[in-house]
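These protein sequence lines map, in sequence, to chains A and B.
Residue 577 in the working numbering sits at position 577 of the first sequence, with consecutive numbering throughout.
One gets the working numbering by counting positions in the second sequence from 1 and adding 969 to each.
Since the hints were made in silico from the structure, they are not lab data.
Each residue gets a CB set at the ideal place from its N, CA and C atoms; glycine is no exception.
Wrong hints could be hidden among the right ones.
In silico SDA-like cross-links for lysine to any residue, where the CA-CA straight-line distance does not exceed 25 Å [to be verified]: (1) B:K1362 to A:A65; (2) B:K1314 to A:E163; (3) B:K1084 to A:A695; (4) A:K568 to B:K1362; (5) A:K302 to B:H1292; (6) B:K1314 to B:F1294; (7) A:K469 to A:L307; (8) B:K1004 to B:T1302; (9) B:K1063 to A:I495; (10) B:K1314 to A:N50; (11) A:K568 to A:N674; (12) A:K57 to A:V584; (13) B:K1362 to A:E191; (14) A:K459 to A:I495; (15) B:K1063 to A:F713; (16) A:K568 to B:Q1092; (17) B:K1362 to A:E577; (18) A:K38 to B:I1003; (19) A:K57 to A:R536; (20) A:K568 to B:K1314; (21) A:K38 to B:S1108; (22) B:K1327 to A:P157; (23) A:K569 to A:Q61.
Far from chain B, by Cβ distances over 12 Å, these chain A residues were calculated [what the hints assert, rightly or not]: (24) V63; (25) D639; (26) E826.
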Amino acid sequence: MKYRFLFTGLLSISLLLLVFAYIALTRSLENDLTVSAKQRMNAVSMVKFNQLGQIYKTNHQDVLALYQWPSLEAQFSQYWESRDSEQAVVLSETLEEFAERRNFITIWVFDNQQNAMLKINPTGIMHAENLSKQHLVRYLNPLLVAASEHFQISASPFYPTLESLYQEGIIDPDIINRRVSFVVAPLIVNEQVIGSVAMARQASDTGFFRHRAMSFDGSGHIVLIEGGVDAMYGLLYPDALDGFPSILVEPINSVGSHWSRVMNGGSGTAFFDNTNGEEVYGHWRYVPEFDIGVLVYEPVSKIYAILRQFHTVAFFSLLATLFIFLIIGWGYTRNIYTKINGLVGRLASISHYGDVVEIKSSSQIDAFGYLIDHMESRIHQDDDVLMSAKQRLRFFMKELEDQRFAFDQHCIIVVADADGTFTDANTQFSDLSGYSRSELIGSSFARFGGDYQNERILKDIFDTMNSGKVWQGELSLLKRSGERYWLETTFVPFINDDGTLRNLVAIHTDITEQKLAYADMIHQAQYDALTGLPNRALLLDRLGQMLRNSRRNQNQVAVLFLDLDDFKKINDSLGHEIGDEFLVEVGRRLKSVIRDQDTVGRLGGDEFLVLLNGTEYKEDVEIVASKIIETIREPILIDEYELVVGVSIGISIYPTDGETESEMLRHADSAMYNTKKMGRNSWSYFTEAMNKDVARRLEIESWMNGAIERGEFSVLFQPIVSVMSGKFATVEALVRWTHPQGGNISPDEFIPIAEHSGYIMEIGRFVLERSLDLAADWYQRYNNDLIVALNASPRQFRDPNWHGGIEEQLSIRGLSTRNIEFEITEGVLISGHDNVERALQEFSDLGIAISMDDFGTGYSSLSYLRNYPFDTLKIDRSFVADIVEHHGDYELVSAAIAMAHGLGLEVVAEGVETMEQYELLYNRRCDYAQGYLFSPPVSGQEILAMGGRLAIDSHIRQQRMSFNNVTTS
Amino acid sequence: MGGFSFKHRPFVRRLFFASVLLMLFACNTSDETIKVGVLHSLSGTMAPSEQPVAMATMMAIEEINASGGLLGKQIEPMLFDGQSNDEHFLRLAKRLLIDEGVDVVFGCWTSSCRKTLKPLFEQRDNLLVYPVQFEGVESSDNILYTGATASQQVMPALAWGLRNIGPRVMLVGSDYVFPHVANSIVKHQAGMLGGEIVDELYYILGDDVLRNLRQRVNDAKPDFILSTLNGSSNRQFFQLMSLEENPTPVIATSISEEDLDVGNIELPVYVANSYFEQFSRVDNRDFVARFHAYAGEDKRVSAAVEAAYSGVYLWAQAVEQAHSFHAGDVVGTLPAHSINGPADKLVVALDSNHVWRKFYLAKLDGNQALNVIYTAVDYLPPTPYPVFFSRRKWENYLNDLYVQWGEQWYAPILVTGD
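With the rest of the complex left out, here is chain B (with noise of 0.2 Å):
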């Protein structure tokens, strides 16, 4: 028997090494999961907006995680409310990255939430996905941004408006400073292209009297209004100007289309946007049909909707690329990241964390329903920086605006625009 096993050692060994390797292979394929922040308003004055954004986020988290994960990981979402209050979305912003060590956030809707974020995800090398429109002239490693600037809707809609209504413009916005940039921008781009601004206008946000408004029209008798009215204000604005005898058409580009929902009214509005719920496209029937599934029927899909859920993509690809969930390792990767979203393409910029957008301009018709009457027919660059100023010029006059307001992004309650 002894000199049996002396024999069979080798063999002995095979066997439990042959073990061993069973039990390792074994290990490895428990599962992990990795955290990642969702931060938005759930309550407050912007939860009407935030809260579709947030849920096609956690929408898309879904999807990922039911088709195997990534990098197989299952991911999971933290979802943080921001109660429409920048100081809490920084305070929530510190708690995801410091405490819960997430690398990366999906978050903010308003301008002056993301700039206030801004610093954080800077000095931590974290990330962080903005979805929205908004008025560029910004652009941090940090930040990947999905949705518009202002050069791929603001900017062909006043030129779609000169050419097609007339040259004389009148500016109204809220007094932040997504309309008070955007607008910036118009009056050098009307310059240039020989239009005229005749007024300019700013409403506190969530100002729902309008004062002195339809006076001011008649006085300027502009050929077209350009608005970056936010939220409630619309509503008022379109009932009020929609009381002329003839009404002076409207190009709105901070718009939802709960917004519109105004009744019967007569005034001819168009609506500038990268996305619109009603496009035929069959995978964009289908996100429609899933995003309503999701978060209810009631729920708009708007184009910061479509932002989330395609940004929520664009990062999962840049970590499948990268290999890695490290933020530092995924930062510096995101140019021309691309993915097929459910209306377009969404590539990320060369040379910036922006992405390609399409520009459409819808008709509201008398049904209450948007028509898109026009398509630009490429891709348009995100291009932050508009090229008649240097950046410095811009961020100066970014800068200006914020001490003028008493360092924040919106104006002071004190002021009115007249």
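The following block holds chain A by itself, in its conformation from the complex (with noise of 0.2 Å):
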């Protein structure tokens, strides 16, 4: 008895912090389902988006259709000329084959001042026929100018509209269904606007309208609201999906309307009263392409279901838990103690249906939460408290007894045993599945099919059931019938006191209408209109769970991003049918080449992405690309076309390139870039070089602005030597670049880069000018002409003004033309730019020699030494390396230099090292010779110093004697 008062003093403090935790509890509770609800009403208010936005885009492509109809622009051209009735007959069937294979219902012609100038009608099925002429032009009239005035392409609110099916009374859904809306554009002949033309689609095509894609997840709703001349209206459909739409009204700007709200612009997420005073929860948008609002929402009732359940739990356990205290305080016996914390603990278990799993999983937080609810009255009664434990426990026990009464009224139950052999079953139950009672009571999971039968599913079940812990999740069963149905299923372990599972009660809740509905819904807005294959969105989805599968299951996931190579030119040269078509076929070649657990989709334009599912050895994936490279391959035939494109892949895996979806996908894109630029119809795995190239380059790219200012660029020249002399009057200027922190960074590293930014021109100023500084120094040192060849970019090309500053800067010095040469590689030429073959000509006009560089490493074709003005050729370091060891090399030489020299140029060979390669030049009369046998890169001043003697130069002609020996005798 002396503890007591400690007792009741550490009680009181304790259930002071339960109470700060509950609350603290509750409030995390509700924001997480208040961010869950938002999620998910804006998903939802997506799907519908999406489904406008693909007919907007749609659409879009019709009227380009219509603009390449084969002859329709010459029949329209007629026909407005001549205003004759054959024309109009001619115009009419062409229109019909238009509309039929673009699944218009209807299409009007009107001139600029929106005359109706013709209608075709050819399904007959326009419902509202009765549409009178002044009526369609009334409403269609704004669109109608702004395609005239403005050439605008614009889609039609939905016809009839609302205002007048509520004025006419009609809310039959297969009319709501039926639904046209107009795309209304400028009619263009001849480059000149001569009308405008209205093509009605029915929203059936689309499924807009359709009921199931009307309503969410049981209780939520999307209420489509429309303008009207002094009111808004707005579609809602009922819960069941049987029932009818009715069209609600509500006046335009009637204060805290919140359909004021959505007409006005503005989306957003909010709480808001509903029309019929319910508190809902939602999202809307507005969207001005269709003048039409969409908005989301569901009850607040549903969303804050959980919370409600959290609460009913924790005021059972808070008694519970006072029990406990109460009755350890009092001195019972442990026996009693155990006793009722096993009640409380399937108390707990079996109030606990909810979704909040966390909390079941830890008995202690169920205890604090509930002890929460009665603190208060606690505190200022404790006595009483004690005196009436009694009689709560049994009140509590009825509770309880009510309750299991409740559960089996409202839920689907079945009991089994730890085995899984089903010991009860509720008749709801028995009513579902179609099978009877007795039929259910000693049959196992496995009977009924589906999720039952899947043992990953049943093992995870009984493993979560082993452990004590609540199992909840989705899962599809088959009826009797065979017919499929869904379930959300909640497993409660009852455990035995040592620990073991004795036996296991499932809770379902029937979920299959919300399901189908979804489903159906979820459809529209995943998969590509064209293709029929995922989009984007679903991509990343089932890319989404691959990885979280891939994580779980310790293996790969591969993701192979696809890009036709060359495809514009079939839509630009074939127009977008053939484009489109050859698009499907695609598609129906990647579905093939794949096993079912992959996923092939399509990104947009003609861009695919292929995700392979728990891939293991890097092989698997290799075979895929290959596989998918030769499908492509394949000629494709689409009239009387024979097409063949090749496909670029970059692939990235899962752990290794990346962490989440849109990482993967984006390094995938980089390694496409890099198959592309490698030469395409090929694959390349995802580097982590190709994301430390973009750093660098921008690295590099923020170092090089000003750095010529800074005096980081130097230039070298190297002697380009003649191989009969052995001096030389030529030097190739060779710029470099030392930058404070980066050190020596290599051209071919920065050259590209600044090619890209621009700063090459200026890099070349700089090399020009020092390099005529070192030309004028030579003349006035030694009174002879230094040649210094200049290495020229594509950008130098397109500068106009690049003649007249090389000009300027030789003028200044006194020097000529004579003292610089051109290197042009053949990237130059390829680049394929007018302005080159203009620039050289120019060169050659005003004597300037240009040389071929790097000759051998490119494509090599001899028509770019016929047809342009070259003098020199200089062969690669590459080839001239292995001419002693290879005779290869050594025959491909020769073979060069000879026609070079058929052709009338000089030839110099690059990167001459050793005295033997420079023996075997000599003998196949190769007329200069550059490389580090005569003299590395120096700077200017050792190049005067040399005076065009090298400090080789006798021993060069010592070897020369021996040379000629060797050949004469």
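Work from the hints to combine the two standalone chains into their complex.
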């Protein structure tokens, strides 16, 4: 008894703390529920929005198709001139053909004064045939004006408007489903706007108004709101999927009306009162393209349903925990304590069919929560509480009984023993599954097919049960009739004293209807309309799933990013029709080469994505990639065209190449670009280097600014030596860059970057000036010409002032065009600018010599040598390097020299490093040589000091004597 | 005592657990900030136009912060001065995106600035919010364009002129990308609507002499002039034009109210825009008053100021709904976001990152005040690529201008319009 005071004190403090914890928990839970509801509303709204987007984009494609439709333009033009009825018939026939192909139910043609010129209605199903001409023109007039004056392509609001349906009292779902939207576009003939055209398509084609697509999750609703003359009209479908929709009306600008908020623009998510006064939580957006507002909401009661369950559970657990305290405090035996504790556990489990798994899994939290509700009264009437404990226990037992009864009425319940044999099932379950109760008892899970036959899921369930936790999830099972149904399921374990599983209770909710409706709606928003393949959104979703699975199963996921090579040519030359068919065929072929568990989808344009699930070896991925390349390369026959394209593939592998979906996609994309760069119709893996490349490029680009002014650039010169004389009169200018942090940065690295950023122009100017300074100094010193060979970049060719600048620099120093020559790589020629040819000709006219640089490394097209005014050919170092060891290279170099001489060109061999190479070149009558044998690139001062003679000169001369001896003997 | 503590161990455990929970919740409420970039010219020739735009951006950010921030965080704007130099803009943008790690930048005025930054933002998948009316013929996932395109401003202005003034049109503009592209659109449109372009004349940006203007106008005898002149040239233009005995009406598209401050001139001047400070809607009067209080009474509220202000709110909404500040999560979700702006609703189009805009035409009255005399009934869609050319043809045309100007987005100083 002496502890009683202490005990009561401790109890009060702990209860106080628990109150805080409970409030915090409730708030956090409420917040989580709000965020998750917000995301759900947003997702559903996005689905509707994407459907509208699809209609809008299809409209644009249709208009482009109309413009390109064979002979239509000529027929319009003839009819406009003649207004002849025969022409009208011809035109109508073509339009009907178009309408049929593109799924339009009617097409109206107007002149520039919005007078209807022609109408076709091939299907006769335009239910608004009673639509009078004036009515239509009034309805479409602003769009027709916009089409003929601003060449605007637009979509009309849906017709008949909700306003007119409301006034006529028609709310037949079929009529609503078949409402049309017109696409209105300018009619352009011979580059003149001669009128406009309005083409109607039924919404039933898109499923936009289907009942299933207008509600979600059982109690979620989508209201479409349209403006009217002096009221707003909203279309609302009832919960039940067979009910009729209703049209609700609200006056425009009624104060506090949520609809006004929707229609005045501004999308958002908020709590608000529904038209019938119910408090709801929802998301809305206004879509001006169709002048329609989309409002998505769920009752607040539904959103916080789980919170209510939480409160209930909390209440019971509070009581239970109090009991434990009291019983312990009053010195009851440990035996009773254990029993009650077991009771509480069961009670908690049973009341816990809600979603709050993490709460269930640790009984402490429950206990906290439950203590709270009654805490206040407890503090006030501490003694009373202790006295009334027994009554409360009784009351509590009765509650439990009642709850069981209620459960049995409303839930689908199955009880099974630890082996998974059914020991009980309520009538709800037997009604739904189609098996009688006696059939059910004694049978096992596997009987119900679907997910209950899935060993992985069963194992997961039983593992969870054995560990004493609650399992929750959605299961799809088969009825006796074979029909599939969906259940939201909670398994609750009942544990023996020794911790083993005694039996388990499964509580189900039938969610089949929602599941079907939702699946239906999701499908429409997740598949590419053209190819029927998953679209970007779904691909990302699937990839997300794969990544999660892979994290669990410790295997890999491969993302293949496909881009068709040269697909644009098909679209541009043969039109979108052919292009579209082509894409469909590509999609079909891709599907045929992948496994069932993999996914192929279209990202848009000519980009496809293939996701390979659970791959173990890189080889598997490579096999698929090669298969894809093979299958795409097979010619595709469309109409009379046999079309061949290649495909470039970039591959990223999870987990090595990225963490998230977007990262994986981005990296596969980078790899694809790399493939394109490396030569298409092939595949490459993503490497970290691709990322680093980008970062490094940016870094170098930022260092480059002002680098010349800061004196970081310098120019070195390498002599080009006459093979015969061993002397030189030409040097090649080579730019060097030393950055204070970056050290020596190789030209191979910074030149492409400078080329891209345009800084190459400044570098070019700098090198030119330094080179000419050297030539001028040389002249002053030796009174003869030093020729400086400069490398030209593609960008310089596009500079109209290039030549002028060179001439100016020359004349300042009293030099002539003899003093410079330009080295041009094949890459420059291939860049194919018209400017290149012009610039080369101008050089030639000015007397500036041109040499072809790095010959042999590129395409080595001989036609370049013939077509452009080259003076010299420079054989690339890679060929010269091996002429001593490799006979083949030796022959190649010999042939190149002979050929160049045949074309009247002189030859320079680059990268000469040994006397042996020199000897061979000498023997093949090569004109010039350049390389470390003679001199590395050195400063201008050193060139001046050399004065045309090399240290190696005498040595060479000596050697040459011996070559001559060999050759002559 | 030992027995007691043993029996009460669950209670002790619970006590401990509760205090841990309490601590966790206490930690959760700490405030963090999220950095965004604001990049405008605060010095140099563009400063008079761009300063108010930068201030409108800052004002919107402060308003959002004052109302509790975004996703529970305060927005921390990093305001940088682009110094009216595209290269400097690019350096600063790199600094913002790479060194500071911001996901979104609000900035730029000229099209050449935007075009200089575009590749960087696309490469890094970041977001640029661009607040100025422009020529269109561009569409990027990584740019949110909150100003009007040519199809929402220049095209309706020409249509209005042809319908209400006469068929003979003379085009006068500054020599850079916006007027050239806008005029090439207008030329096609005029042809299609039965108008005639009688002359076309360009002046270097900042040209205050306008050589030959009166001569050329007198020779061409247009019914009206469609002007895409920018900046200070406008004053001289109005003064020269008002010297004529029968002055030719002018429809101006790129004019700020400061440029109209030319004294009492006798010239029919119409201004085409998507926003005017004078709008009497309550929200707008509020907005203008707030801006004056924030930026100073002397600052005019241009269409770009409104677009910059609204741009911040559009972005905030996209972030809110994506529940993420990460540009990669926001970029693809921009279409169909909308806000109820100070004057009109701003809705991002379904198929591009441009907004729907209304078109207004105001006339300058004797008291140097603008009165709106025409309002398009409906909102106009952005249509960045007018349909009479294919998208590719538009892009080739742009590229040709770029190459012709020596790889920049404005004409080199040497060339003059004659």
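Going through the hints against the structure:
Between K1362 of chain B and A65 of chain A the alpha-carbon distance is near 17 Å, which keeps this suggested pair within the 25 Å criterion. Distance hint between K1314 of chain B and E163 of chain A is fulfilled; the C-alpha atoms sit about 23 Å from each other, no more than 25 Å. Between the alpha carbons of K1084 of chain B and A695 of chain A the distance comes to roughly 21 Å, so the proposed pair stays at or under 25 Å and holds. A distance of roughly 14 Å separates the Cα atoms of K568 of chain A and K1362 of chain B; the hinted pair therefore holds under the 25 Å criterion.
A C-alpha spacing of about 22 Å is found between K302 of chain A and H1292 of chain B, which places the hinted pair at or below 25 Å, so the restraint holds. Between K1314 of chain B and F1294 of chain B, the direct Cα distance comes to roughly 24 Å. Compliance with the 25 Å bound is thereby established for this hinted pair. Taking the CA atoms of K469 of chain A and L307 of chain A, the gap is near 20 Å; set against the 25 Å cutoff, the hint holds. Our distance criterion of 25 Å between C-alpha atoms is met by K1004 of chain B and T1302 of chain B, whose separation comes to about 20 Å.
Taken as a hint, the K1063 of chain B and I495 of chain A pair is broken in the structure, with Cα atoms around 62 Å apart against an allowance of 25 Å. Only pairs whose Cα atoms come within 25 Å are accepted, and K1314 of chain B paired with N50 of chain A is accepted, the gap being roughly 21 Å. Restraint check for K568 of chain A and N674 of chain A: satisfied, since their Cα atoms lie roughly 19 Å apart, inside the 25 Å limit. At most 25 Å may separate the alpha-carbon atoms for a hinted pair to count; K57 of chain A and V584 of chain A meet this at roughly 18 Å.
Simply put, K1362 of chain B and E191 of chain A have alpha-carbon atoms about 14 Å apart, close enough for the 25 Å limit, and the pair holds. For the given pair, K459 of chain A sits about 18 Å from I495 of chain A by alpha-carbon distance, which is consistent with the 25 Å threshold. Under the criterion of a C-alpha separation no larger than 25 Å, the hint pairing K1063 of chain B with F713 of chain A is consistent with the structure, at around 23 Å. Annotation: proposed proximity of K568 of chain A to Q1092 of chain B holds, straight-line Cα distance about 22 Å (limit 25 Å).
For the hint pairing K1362 of chain B with E577 of chain A, the CA-to-CA distance comes to about 20 Å; that is within 25 Å, so the pair holds. Straight-line distance between C-alpha atoms of K38 of chain A and I1003 of chain B comes to about 22 Å, which keeps the hinted pair within the 25 Å bound. Of the pairs offered as hints, the one joining K57 of chain A and R536 of chain A holds, with about 16 Å between alpha carbons and a cut-off of 25 Å not exceeded. Note on K568 of chain A and K1314 of chain B: the hinted pairing is violated, with a Cα-Cα distance of about 38 Å set against a maximum of 25 Å.
Restraint check for K38 of chain A and S1108 of chain B: the C-alpha separation of about 30 Å exceeds 25 Å, so the hint is violated. Proximity of K1327 of chain B to P157 of chain A is assessed by CA-CA distance (about 18 Å); at most 25 Å being required, the pair is judged to hold. A distance of roughly 18 Å separates the Cα atoms of K569 of chain A and Q61 of chain A; the hinted pair therefore holds under the 25 Å criterion. Not every beta carbon of chain B lies more than 12 Å from that of V63 of chain A, the smallest distance being close to 8 Å; the non-interface claim is violated.
Its beta-carbon lying about 22 Å from the closest one in chain B, D639 of chain A satisfies the requirement of being farther than 12 Å from that chain. The claim that E826 of chain A is not at the interface with chain B holds, since no C-beta of that chain comes within 12 Å of its own (minimum 22 Å).
In summary, the numbered hints that this structure violates are 9, 20, 21 and 24.
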